[in-house]
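Peer 1: Sequence:
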Amino acid sequence: MAQILLISLVPIFAVMIAGYYAGKRGKIDNRNVASLNVLTMEFALPAALFATTARASRTVLAEQWPLLLVLLLGMLIVFAFVWVMARFVSGFSSAVSAVIALSTALPNYAAAGIPLAAAVFGATGKLYITTAIVSGAIVMSPLTLAFLEAEKDGGKTSGVALLFTSIGRSMLKPLVIAPFLGVAIALIGITLPVFVLRSFDLLGQATAGVALFVTGLILSAQKVSLSPRIIFLSILCNIIQPLIALPLIWLIPMPTQMAHAVILLMALPAGFFGLLFALRYKADSQDAGSIMVVSTVLSLVTLTIALSLTAAPAAS
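In terms of our numbering, the sequence shown opens at residue 1427 and continues consecutively.
Careful, some of the hints might be misleading.
[Stated by the list, open to error] Within a straight-line C-alpha distance of at most 30 Å, the following computed DSS-like cross-link-like pairs (lysine-lysine) qualify:
| # | residue 1 | residue 2 |
| --- | --- | --- |
| 1 | Lys1578 | Lys1599 |
| 2 | Lys1453 | Lys1708 |
| 3 | Lys1649 | Lys1578 |
| 4 | Lys1708 | Lys1450 |
| 5 | Lys1453 | Lys1578 |
| 6 | Lys1599 | Lys1708 |
[To be verified] The following label-pair restraints were derived from C-beta to C-beta distances:
| # | residue 1 | residue 2 | range |
| --- | --- | --- | --- |
| 7 | Leu1598 | Gln1631 | 35 to 45 Å |
| 8 | Phe1658 | Arg1706 | 44 to 54 Å |
| 9 | Leu1735 | Thr1591 | 37 to 47 Å |
| 10 | Phe1514 | Ile1666 | 12 to 22 Å |
| 11 | Leu1598 | Ile1666 | 44 to 54 Å |
| 12 | Ile1616 | Tyr1447 | 22 to 32 Å |
| 13 | Arg1484 | Arg1624 | 39 to 49 Å |
| 14 | Arg1624 | Ser1519 | 40 to 50 Å |
| 15 | Ala1460 | Gln1631 | 17 to 27 Å |
| 16 | Gln1631 | Lys1599 | 35 to 45 Å |
| 17 | Ala1488 | Gly1517 | 24 to 34 Å |
| 18 | Met1597 | Val1723 | 16 to 26 Å |
| 19 | Ile1731 | Ile1616 | 37 to 47 Å |
| 20 | Ile1731 | Ile1678 | 38 to 48 Å |
Read the hints as simulated data drawn from the structure, not as lab findings.
From the three backbone atoms N, C-alpha and C, an ideal C-beta is built for every residue, glycine too.
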């Protein structure tokens, strides 16, 4: 177990620390990470997702629906709760509330999830994390963008119309097209040449390292608030969200290993999508950045506990 913990967690935090150091010392501009983010989200990550899904069998792909459903339900429950609290209790605008909700509800699948799932669950873990990333790309991100676009639009267009527009736009992004294309190839039964898959593998191998490094860079640029609200939202992200998944796992039948994957994936620290959206739309980004920092530091403890509970059965 100690070996699994070391192999799974130490590389993740080591690369994030390297990115944090580079940003703090001015080695890399931590205020302008757009190019690195494009490399990750539009090239490396789509390549990795395509290679994983194109290799999968039809049976294995069909078995992923319980994972997709539970992850979506868990994230949407947390998103709705945080949005209502931020909007009507804390008094933020609907757009800023959506950014805070996304920061809390959407775990850091792209950076922390890929190496962790692969280390714990092997080849199957790659499918698990692909499913998780797609769930965020086609539902959670468009939902947040609808709120941001609505505020930018000044209420001229209905929220429902903006939501469907955002979902439509998300379906055209490489992050969504790549796994769906891979699934289509697998379902049709096409076997791609080895050199094609290796080409995607080579580009995809950059995903985890660059995403973790970018996470560290972004963290280094944030002014951190340790207010009771930030502490609560970080606990909600790291501890309460995976606990919310437990009754969903009991209600929706799934294999034991998949149930362990749900808990581990939901226990990941807050991702950086909320912060990136806030910066792009000039929304208040302090809470999003603070949640990301506090959640990541807290995950040193919470992720270790989650991993110790889920990896033991998988490793045995």
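Peer 1: Tell me if the beta carbons of Leu1598 and Ile1666 are separated by a distance inside 44 to 54 Å.
Peer 2: violated, 34 Å
Peer 1: With respect to the beta-carbon atoms only, verify the hint that Leu1735 and Thr1591 lie 37 to 47 Å apart.
Peer 2: Holds - the Cβ-Cβ distance for Leu1735 and Thr1591, about 41 Å, lies within 37 to 47 Å.
Peer 1: So if I understand the rule, the pair passes when the alpha-carbon distance is 30 Å or less; does Lys1649 with Lys1578 pass?
Peer 2: holds, 25 Å
Peer 1: Mind checking the hinted window 37 to 47 Å against the Cβ distance between Ile1731 and Ile1616?
Peer 2: For Ile1616 against Ile1731, whose Cβ atoms are near 42 Å apart, the range 37 to 47 Å holds.
Peer 1: Holds or violated: Lys1708 and Lys1450, Cα atoms, limit 30 Å.
Peer 2: Cα-Cα ~23 Å, so holds.
Peer 1: Mind checking the hinted window 35 to 45 Å against the Cβ distance between Gln1631 and Lys1599?
Peer 2: For Gln1631 and Lys1599 the Cβ distance comes to about 21 Å; the hint is violated.
Peer 1: Does the Cβ-Cβ separation between Met1597 and Val1723 fall within 16 to 26 Å?
Peer 2: violated, 35 Å
Peer 1: Take the C-alpha atoms of Lys1599 and Lys1708, compute the straight-line distance between them, and say whether it is at most 30 Å.
Peer 2: It holds: about 22 Å lies between the C-alpha atoms, which stays within 30 Å.
Peer 1: Given the hint that Lys1578 pairs with Lys1599, does the C-alpha gap stay at or below 30 Å?
Peer 2: Holds - the C-alpha atoms of Lys1599 and Lys1578 are around 21 Å apart, at most 30 Å.
Peer 1: With 44 to 54 Å as the target window, see if Phe1658 and Arg1706 comply at their CB atoms.
Peer 2: The hint (44 to 54 Å, Cβ to Cβ) is violated, given that Phe1658 and Arg1706 are roughly 26 Å apart.
Peer 1: Falls inside 38 to 48 Å, the C-beta gap from Ile1731 to Ile1678?
Peer 2: violated, 24 Å
Peer 1: When you take the CB atoms of Ala1460 and Gln1631, is the distance between them in 17 to 27 Å?
Peer 2: Holds, since Ala1460 and Gln1631 (Cβ atoms, about 22 Å apart) stay within the stated range.
The structure fails hints 5, 7, 8, 11, 12, 13, 16, 17, 18 and 20 (numbered hints given earlier, in ascending order).
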